[in-house]
Amino acid sequence: MVLASPASARPMLRSAAVISSSQAHGPYQLSEEQRLLRDAVRELADERVAPRAADIDRTGEFPEDLRRLLATQDILALPFPEEHGGLGGELLSVCLAVEQLSRACATTGLILAAHELGALPLLLAGTPEQRARWFPRLASGEWLIAFALTEAEAGSDVAAARTRAVRDGDQYVISGSKRFITHGSVADLVTVFAVTDPEAPRHGRLSCFVVEVPTEGFSVPRVEHKMGIRGSPTAELAFDNVCVPVANRVGDEGDGFGIAMRTFERSRPGIAAQAVGIAQGALEVASRYATERRQFGQRIGDFQMVAAMLADMDASTEAARQLLYKACVEIDSGAPDAGRWSAMCKLVAGDAAMRVTTDAVQVLGGYGYIDDFPVERMMRDAKITQIYEGTQQIQRLVIARALLGKDRAPLG
Amino acid sequence: MHIVVLVKPVPDPASGGERLGADGRLDRASAPAVVNGNCEYALEAALKLAAASEGSEVTLLSMAPASAPETLRKALAMGATRGIHVTDPVLAGTCAVSTARVLAAALKPLTFDLVLAGVDTSDGLGGTVPAAVAAHLGLPLLSYASRIEPDEAAGTVRVRRISATGYDLLEAPMPAVISCTQALGEPRYPSLKGIMAARSKEIATRSLADLGIDPSTVGGAVATTTLIDSRTPPARGATEVVRGSPAEGAARIVEFLAQRRII
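For the protein sequence lines, the chains are A and B, in the order given.
The first sequence: position 181 = 181 (this note's numbering), numbered continuously.
The second sequence: position 73 = 73 (this note's numbering), numbered continuously.
One chain only, chain A, in its complex shape (with noise of 0.2 Å):
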């Protein structure tokens, strides 16, 4: 009936198909080799991470133990091309990793996810001898590397963006301060943007430089107190006058902000892959206790009003999934609206984890609102993924733009 539509139908059908999946690269499938190291992840996940997740939540400290496990199973050297020693990863392999980390538990889920976001503007726009310069130990794992964006008074707005770094000579001198940075005090690169040229217009004032870390007038003045994710340092970094060589900047001056925005398209997926494993160790938890807990004679799951909740978890954790996967392959195969999917990914999967976190502890009751069971650090660790590499409201803009075009976009 479709087909038939009335001609004077054609023309909103064919507007729609331009901003649709016009452009999607067909169907996907998990290829033998993802799901090996998808099992393997896993396997390591139910062994050796989530044992350590309550401790790592209630101390909230650093598991440099799991950083180091991540490293010598070559789990941090998936996103690095492997003529450095990476695994040469596709995006849905780094997310497939992401996923199931986050399943056991969200802050060694991130440490992955954070590492390929600090090196997404090498491996978008480094230099041969940038990439061969710090990659190797980025990919064994021996160096962690952050990335250093926001500040007090740039959030969303990325553009307005206040530190600077002033060329003198052969090496600039970066000042300010950076805020909400993963990973900030145990990074040893790290990936900062500043304004370059504060009179060019708003979206080429900025720089992307690499900044080695410790480095004279460097200094993380604080590591912040959080709901979730607590045992992955967030910082504020300063800058006092730090000298950076001219050979670190990465991509020209001036191309800061389009590295950051085309670093999103790729690092958003792997926290909608955090988000869509908090939302998968939350559904496990509340469908097993769903089995065992008897109230009135009968299982809890056995009574429709649980059991409906159940169903409606799995499947808004399974949509986020595909939904997710899919938005891998065509970020990967370079499809043209890759921001678009990236958006619409991490838009989905962060609410999924939020409500089915959320209805995890509504299943466990008083259980789970308690830290007795996991459920509470779930649901704790969820909203950060509504919230970071760019809040929901970004994204609905992000995807709004790409569906009205830029000019008739809200906020333009």
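Honestly, the hints are just simulated from the structure, not real lab data.
Built from N, CA and C at the ideal position, the CB exists for glycine as well.
Hints may contain errors.
Said to hold, decoys possible - With the C-beta cut set under 7 Å, the calculated list includes, among others, these residues of chain A facing chain B:
no., residue
1, Leu-36
2, Ala-40
3, Gln-73
4, Asp-74
5, Leu-87
6, Val-166
7, Met-305
As the list claims (entries may be wrong) - A few chain B residues that don't get close to chain A, going by computed Cβ distances all over 12 Å:
no., residue
8, Asp-113
9, Ser-163
10, Met-196
11, Ala-198
12, Thr-205
13, Pro-233
14, Glu-240
Claimed, not checked - Derived contacts from chain B toward chain A, CB cut-off under 8 Å, selection only:
no., residue
15, Val-34
16, Gly-185
17, Tyr-189
18, Ser-191
19, Leu-192
20, Lys-193
Based on the hints, put chain B in the right spot on chain A.
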């Protein structure tokens, strides 16, 4: 150093699905196959020995159904060099005695310094195969190893054998067969690079004809052991968890034992 590790795919004991078929044989479809736990400990020991000696190789040897390579890949991913898979439909139901003869026949053409095997397998739990393989090959058997120290220059190997009171120190010329305990150390997880590399590692297949074994001398029909009966162990009673201070815990345990007239 060349080390051969005997590896057996078994139904995953953690799956809880292991069961016997109507014929009294293991129902291999009842649970997903995994590498037998003690074989993984033997492999870990072999990989550590190989890493300590330049140019070493670790070969897996398995007598198993046709689907075994799937399971052997995990052992290859841990770092073994290659696999040899002895398989033949006739071998179904083969007893421990014939299994040892087949494995010995597969080992004969190989050059090796050590053969490592787990002390037993979680499906059959017989624990006789390593000794029988050694007997067939006329090699020394060093059993229940908790430590393995080869001396390549002297051509000997020392093993700590777990005993009731501690350990015995054994020494034998190489090549030798060693049965391995979990005291040797936790098996590693395969790294992602190991998993990728394992996909292209060789698993050679050997049939009974390749080994020169008469098919009528193996298999269930001529098995030297017959399973007469099997029973599931009784379910464990309710577990009582005692929470509280160590003193309260101790008091509760004493009370518990006293009630049952154990103390």
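Status of each hint after checking the structure:
This hint holds: Leu-36 of chain A has a C-beta 5 Å from the nearest C-beta of chain B, less than the 7 Å allowed. The beta carbon of Ala-40 of chain A comes within 6 Å of a beta carbon in chain B, closer than 7 Å, and the hint placing it at the interface holds. Against a cut-off of 7 Å between C-beta atoms, the interface hint on Gln-73 of chain A holds, since the closest Cβ of chain B lies about 5 Å away. Annotation: interface hint on Asp-74 of chain A holds; nearest CB of chain B at approximately 4 Å, less than 7 Å.
The closest approach between the C-beta of Leu-87 of chain A and any C-beta of chain B is roughly 6 Å, which is under the 7 Å cut-off, so the hint is satisfied. Interface restraint check for Val-166 of chain A: the shortest CB-CB distance to chain B comes to about 42 Å, outside 7 Å, so the restraint is violated. Among the interface hints, the one on Met-305 of chain A is violated; its C-beta lies about 30 Å from the nearest C-beta in chain B, farther than the 7 Å criterion. For Asp-113 of chain B, the shortest C-beta to C-beta distance to chain A comes to about 28 Å, beyond the 12 Å cut-off, and the non-interface label holds.
Its beta-carbon lying about 31 Å from the closest one in chain A, Ser-163 of chain B satisfies the requirement of being farther than 12 Å from that chain. Consistency note on Met-196 of chain B: stated as away from chain A, yet its beta-carbon is not over 12 Å from all of that chain's, at 7 Å minimum. Not every CB of chain A is more than 12 Å from the CB of Ala-198 of chain B (nearest about 9 Å), against its label as outside the interface. Interface exclusion of Thr-205 of chain B from chain A stands, the closest Cβ pair being 20 Å apart, more than 12 Å.
At the 12 Å boundary, the C-beta of Pro-233 of chain B stays outside the reach of chain A, the nearest C-beta of that chain being 22 Å off. Listed as a non-interface residue, Glu-240 of chain B keeps its Cβ farther than 12 Å from every Cβ of chain A; the least gap is roughly 17 Å. The restraint placing Val-34 of chain B at the interface with chain A is violated, with a minimum CB-CB distance near 10 Å, outside the 8 Å limit. For Gly-185 of chain B, the interface hint is violated, the least distance from its beta-carbon to any beta-carbon of chain A being 15 Å, above 8 Å.
With a least beta-carbon distance of about 6 Å to chain A, the hint placing Tyr-189 of chain B at the interface is held under the 8 Å criterion. At its closest, the beta carbon of Ser-191 of chain B sits 5 Å from a beta carbon of chain A; the interface hint therefore holds under the 8 Å criterion. Of the supplied interface hints, the one on Leu-192 of chain B holds, with its beta-carbon coming within about 4 Å of a beta-carbon of chain A, less than 8 Å. A distance limit of 8 Å between C-beta atoms decides the matter here; for Lys-193 of chain B the minimum to chain A is near 5 Å, and the interface restraint holds.
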